[in-house]
Each structure stands twice: as structure tokens, then as C-alpha cells.
Amino acid sequence: MRISTDKIISLLFFILSAFYLYQTYQIRVFSFDENAPFNAKTFPTFIAYLGMFLSILYVVLPERIPSKVDHKVLDYKSTLFLIIIVIIYGFIILKAGFFLSTSLFLFLSYYFLGERRWIWMFVLSFPFVAFFMFLLHGVLDIYLRDPFLKMLGIIG
Amino acid sequence: MIEGILIGLQTALSLKNILMVAMGCFFGTIIGMLPGLGPMTAIALMIPITYGFEPATGLILMAGVYYGAVFGGSTSSILINAPGVPGTVATAFDGYPMAQQGKAGKALAIAAYSSFAGGTISAIFLLFAAPSLSKVSLAFRSPDYFALMVLGLTAVSAFSSKGQFLKAMMMVILGLMLASVGQDSLSDITRFTFNNMNLTDGISFVLVVMATFAMSEALTIILKGKDPSRATEQISLSQLGSIKLDKDERNKMLKSIPRSSVLGFLIGVLPGAGATIASFLAYGMERNYVNEDEKKKFGKGSVHGLAAPETANNAACSGSFVPLLTLGIPGSGTTAVMLGALLGFGIQPGPRLYMTNPEIFWSVIMSMYIGMVILLILNLPLIPYIARVLATPKNFLIPLILFFSVTGIYLMSFNNFDIFLMIGIAVVATFLRLYNFPMPPLILAFVLGGLMEENLRRSLLISDGSFNFLWDRPLTAIIFGGTILLITWQIYKSFKK
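Protein sequence lines correspond, in order, to chains P and E. Just so we're aligned, residue 16 is where the first sequence starts under our numbering, counting upward by one. Just so we're aligned, residue 2 is where the second sequence starts under our numbering, counting upward by one.
Just so you know, these hints were derived from the structure itself, not from any lab. Treat the hints with caution; some may be incorrect.
Pairs of lysine-lysine, DSS-like flavour, derived with a Cα cap of 27 Å [what the hints assert, rightly or not]:
1. E/Lys-301 / P/Lys-22
2. P/Lys-83 / E/Lys-248
3. P/Lys-83 / E/Lys-256
4. E/Lys-494 / P/Lys-22
5. E/Lys-298 / P/Lys-83
6. E/Lys-225 / P/Lys-92
7. E/Lys-225 / E/Lys-256
Partial list, derived from the structure: chain P residues whose beta carbon lies under 8 Å from chain E [said to hold, decoys possible]:
8. Tyr-35
9. Ser-46
10. Ile-71
11. Ser-82
12. Ile-98
13. Ile-102
14. Ile-103
15. Phe-120
16. Tyr-125
For the chain E half of the interface with chain P, some residues (derived, Cβ under 10 Å), not all of them [to be verified]:
17. Met-171
18. Ser-181
19. Val-374
20. Leu-377
21. Leu-381
22. Pro-382
23. Leu-383
24. Thr-431
All C-beta atoms in this analysis are idealised placements derived from N, C-alpha and C, irrespective of residue type, glycine included.
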């Protein structure tokens, strides 16, 4: 018997709902709230049971239009690479500061996506981020943490 | 009343106040376009500026910023599928596909005309019905709100394609699960945080919406090798930025605008409901009104599907001034900030405001008309230039979308946990989208989750744990009955051969 990916996702959703229900029972409510008509557990319990019910319903009922995905045409490699770049960006943004990390992220992403017009790549990374920072920090007075620019004495 | 209106008109038409509205609309539009900075931030930024002004002038400026920011949010929704505020999420459903088809200018023009019409019609309602509507809004109790939220969630039926109703409902549950993360609003007990301090305050709306819409869209484009600029390559820039609507498009808009204005205004009047529910309900209602051919176009660039939520969210913005000005109850986070500013001016909003301070009450209402006209005048000439964002090649556009998504989150929390959480949610959302699991129901449920729990809590406590509250009050029973009918109809339709 073949089972469609949609139904496998529904089964995963059932497991997620069951885990959510288990976590709901782990919530420690105050003793005086334990038998109250409504406490911190009540709403999540409803959600968990409803989630389990709906996922089982999807698995049991006949599927009318199963989704078809052609994995051969999907570019997993590039997507994974881009995700890794964003993760690295997320890691360094606090250490290197907004300006340097964002400019480098943009410059590298343009390069990775096949762009080779160096002037445009530069303009849309370093000066663009500088302008964006000026708009937020200088005009709107929104605080932007940047240890690198602080070290250089550009921002306070 | 006539005397009050004339005083309001005189105040609103002073050169200083007209300039304030124009300035507010302009800055609001710019701030609203930036991800993570919604109307609430925009108004909060204006508070220090308004302290030196007359109360009426300050409030007029803030109202202008409010409309501008909502319109600005629509622009980023349409162009890069990145709704910065909950009220413009529904705008992206048809606005973004329309922009991808090389009709970005038209989509922005429809949004501008609809916003103008929704705001103006709503301001007329406000003028004549504000005092009496405040009584109606007070008639809504917690059970009615709960029933209304459940009805709002059944609007998911509008987003599920044929036979996919259960998928949409599963996404609703996932949205509610995400909304339940963090501290319980009443007892302060932490839930589903796994002892992680970063989750104590819950997951932010901007994070979820950026992950499921903007970031997931960027990843999907790379995954499918789909080039957004390729769609527009064949189309000249003038066509991309063309704001000319044909007769058919104008007729469609004219049909959607009146009903969405009424719905948007009425929903906006209810404290706590606001532009988000209004836009989602208007989208759902519109889909039920149109014929089968038009129904198929929903989610693929329908004029009805864009005009309806855009009209409703602006109508709801005007509507939200009813509880603020007449009852002193802020209907949304944004009007709560405005209430704070009003109190700062030494003005106590309430049922007597339009008698004790008619110049404030009526001038704000009158300035809404002026604000709508200015917003239209300011934005229409800019549309051809704004629309050209889409002509940016994919190699530049994708990293910029990712940059705006990450920045939106970074600006709010300044920690990288939120960035990683966003990446995680975006990856799951991209995978789910491949298998036609719709994201809009997840967002709607996420927005409504907290409010639903709050109203269910109150209802159950009042009825001592009994579910009788669902049919004790006629209003609750009617709303709930309608919801059951809708769900039954959807399930029947899903499995009808």
C-alpha cells in the first residue's frame, strides 16, 4: 500500500499534536487553579485534541487531490547553501555588528546567486546598508547595536 | 452636532493641520514600508513630536501616520510578499500574485483606490454613527467575541482550494499552537518554552509572518529555480508601473468596495477585533459573493481578492476610532498608543468627549477625509516608481528580501535566537507550501490565538465552566450557528464527488 506524502505530513502532525498534549500536561498550574473552570492548560488541551482529531481525519478519509511534487526539478543544493548563509549571518550579526555583517551577507549572497556586476554588488551592499542605518539610527532614532561602528567611533 | 462638525471642519482645514496630515501620511507610508515597523511604532515615534502641539493637531498628525503606515504595509505586501503589519497580510494573497504577473502598478493602484474608498466611506459612517455605535460595541460580550473569533477562523475556508479544507484547518491548529508559546496572560505561567528564556514573551507576529511569507517565498523561488524577474522581463517597465485600470477591473472594484467598507467599519468598531479580522473576513466574504469563475482566480491575482481586504483594513482603522473616542477603549495596539498620547494631552476620551472637546472629536473625523485625499494624491504619482522594485533582478531581489526579513526581527529583539527561529519556521513553511498547505490560516490563527483564549477564559469563568455560554445569548448563538453552518458546508463541499 502506498501512502501519499500529504498523509505522511498529517501523521507527523498527529505526532506533533500528541507531543503538544504531553507538554500541556507538564504545565504546572497553581494549586488553587487546578480545579478552576479555566486555567493555563485548558485552551492548549482543546487545541491538542483538535489537532489529533483533524490529522487522523485526513489520514482516514480518501484523498481527492494528492499534491504532486517533482523533486528532480527542485534545487535543494542552492536552497541549503542560502539557508547556511543566513544562519551564518544570524551568528555574526551580534558579534560583528549590523553594518559589517549585513553588508557582507548581501555581497556574498549576490555573488552566490550568480551576480558578477561588482559595482552594483558593492553599491547594493555597503552604501545601501549605510543609508538604511542612517535612516533608522539618524532619522528615526531607532537604536541599532553595532560594536564595530562603535569601536570606530562612528555611532555612540 | 452640525455646530460640532463645522468647528471640526474649521480646525481640520487650517493650513497647519493640513500640513500635519500630509506629513503624517508621508512619514507613515515610508515607515510602514519598512518590515518590522508597523503603525504602532510609527505613531510611537511621533508622540515626542506632538507634545508641543495643540491636542487636535497632534491627534490629526497621528491619524495621518496611522493611515500612511497601513498603506505602506500594503506596498511591501504586494511587492515582496512581506506584510509588516497583521492588517495587510490578506492584501498579499492576491496582491503579490498580481505583481508577479507584471501588474504591480495596477495592484498598488487598486490598493490605493480601495484604501481611499474604504477610509472615506468609513469616515462618513463615523461622522453620523459614532455616538450610537459605541453603544452597539458595548453590547458585545466575551462569548460573542469568542464566537466571532471562531467565525473568523472559518474564513480559512476561503483560502483552502477544493478538497483541501482539512489541510487549512491543520494550519489553523499549528497557528494556535505557536500563539500559545510563552507566558499565560493571566497566571504568568510559562508554557511550551522548554526553559528557554527567549520564548518567555512568546513568538512575535513579525517573526511568524516574515518566516511564512517573505523568507519562505524567497526560499521557494530558489528551490523551484523560479525567477520573479523573468516574469516581468517580457513586460516593459511602463507596463509594470501602469496604474490604468480597465473597465472590467473598475467594475469589480466598485462591487467589492461598498460591502467591504461596511464590514470593515463594523468590525473595526468592536474593541479588540480591528483591521486584521476585518481584512480576513472581507476576503472570505468576497470569495463567497463572486461567481465560480472569479472564485478560481482567488489567490492568483484577483481584483476582488485585493480590493476587499484593502478596503476593509482601512475602514476598520476609521472604525477603531469609535471605541477610542467615544468610550476611551482602545480597539487595537495602535489606538492604545494613541490613547496614551491623548491622556498625555490631558484629555480623557469617553462618551462626553464630543460635548466637552468638540474641536478634537470632530476635527479628527474631518481630517480623516482630508487624510484620505492626501494619501491618494501622494501615492498615486509614486506608484510607477515604487512598482519598479520588481524589475530588480532575482540575484539582488532575493538577498534583499532575506535582509528585510532578518532586519525586521533583529530590530525588535536584538538577539540571534529569533533569527534562527525564523529560519526554522521558514524552512518548515517552505516544505509545507510545496505540498499545498496554506499559510494564511496559520497567520490568522496565530493573531487570534491570544484573544480567543482570553475570551474563552472569561466566558467559561462567567458560566462556571459550562459551555452553555455558546447558546445563552442570542447574539452568540447566531454567530456560532453561522460558524457551524459554514464548517459543515465546507466539509460537505470538500468531499462531494
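Hint by hint, here is what the structure shows:
As the CA atoms of E/Lys-301 and P/Lys-22 are separated by approximately 26 Å, the hinted pair is consistent with the 27 Å bound. A threshold of 27 Å between alpha carbons decides the hint, and for P/Lys-83 with E/Lys-248 the separation of about 38 Å lies outside it, so the pair is violated. Among the hinted pairs, P/Lys-83 with E/Lys-256 is inconsistent with the structure: their alpha-carbon atoms are about 36 Å apart, more than 27 Å. Straight-line distance between C-alpha atoms of E/Lys-494 and P/Lys-22 comes to about 20 Å, which keeps the hinted pair within the 27 Å bound.
With a C-alpha separation of about 21 Å, the suggested pair E/Lys-298 and P/Lys-83 falls inside the 27 Å cut-off, and the hint holds. Restraint check for E/Lys-225 and P/Lys-92: the C-alpha separation of about 11 Å stays at or below 27 Å, so the hint holds. Distance hint between E/Lys-225 and E/Lys-256 is unfulfilled; the C-alpha atoms sit about 37 Å from each other, more than 27 Å. Interface hint at P/Tyr-35: satisfied, since its Cβ lies 6 Å from the closest Cβ of chain E, which is below the 8 Å cut-off.
Violation of the interface hint for P/Ser-46 is found here, the shortest Cβ-Cβ separation to chain E being roughly 12 Å, above the 8 Å cut-off. With a least beta-carbon distance of about 10 Å to chain E, the hint placing P/Ile-71 at the interface is violated under the 8 Å criterion. For P/Ser-82, the suggested interface contact is upheld, since its CB lies about 4 Å from the closest CB of chain E, less than 8 Å. Satisfaction of the interface hint for P/Ile-98 is found here, the shortest Cβ-Cβ separation to chain E being roughly 6 Å, below the 8 Å cut-off.
At its closest, the beta carbon of P/Ile-102 sits 6 Å from a beta carbon of chain E; the interface hint therefore holds under the 8 Å criterion. Restraint check, P/Ile-103 versus chain E: the minimum CB separation of about 11 Å is more than 8 Å; hint violated. Look at P/Phe-120: its Cβ gets to within about 7 Å of chain E, closer than 8 Å, so that hint holds up. Given hint, P/Tyr-125 at the interface with chain E, holds; its Cβ is 6 Å from that chain's nearest Cβ, closer than 8 Å.
At its closest, the beta carbon of E/Met-171 sits 5 Å from a beta carbon of chain P; the interface hint therefore holds under the 10 Å criterion. Because the closest C-beta pair between E/Ser-181 and chain P is about 5 Å apart, less than 10 Å, the hint holds. Interface hint at E/Val-374: violated, since its Cβ lies 26 Å from the closest Cβ of chain P, which is beyond the 10 Å cut-off. A hinted interface residue such as E/Leu-377 counts as satisfied when its beta carbon comes closer than 10 Å to some beta carbon of chain P; here the least separation is about 25 Å, so the hint is violated.
About 24 Å separates the beta-carbon of E/Leu-381 from the nearest beta-carbon of chain P, more than 10 Å, and the hint is not met. For the restraint placing E/Pro-382 at the interface with chain P, the shortest Cβ-Cβ distance is roughly 22 Å, beyond the 10 Å limit, so the hint is violated. Interface restraint check: E/Leu-383 against chain P, minimum CB-CB distance 17 Å, threshold 10 Å, status violated. Below 10 Å, beta-carbon pairs count as interface contacts, and E/Thr-431 has one with chain P at about 8 Å; its hint therefore holds.
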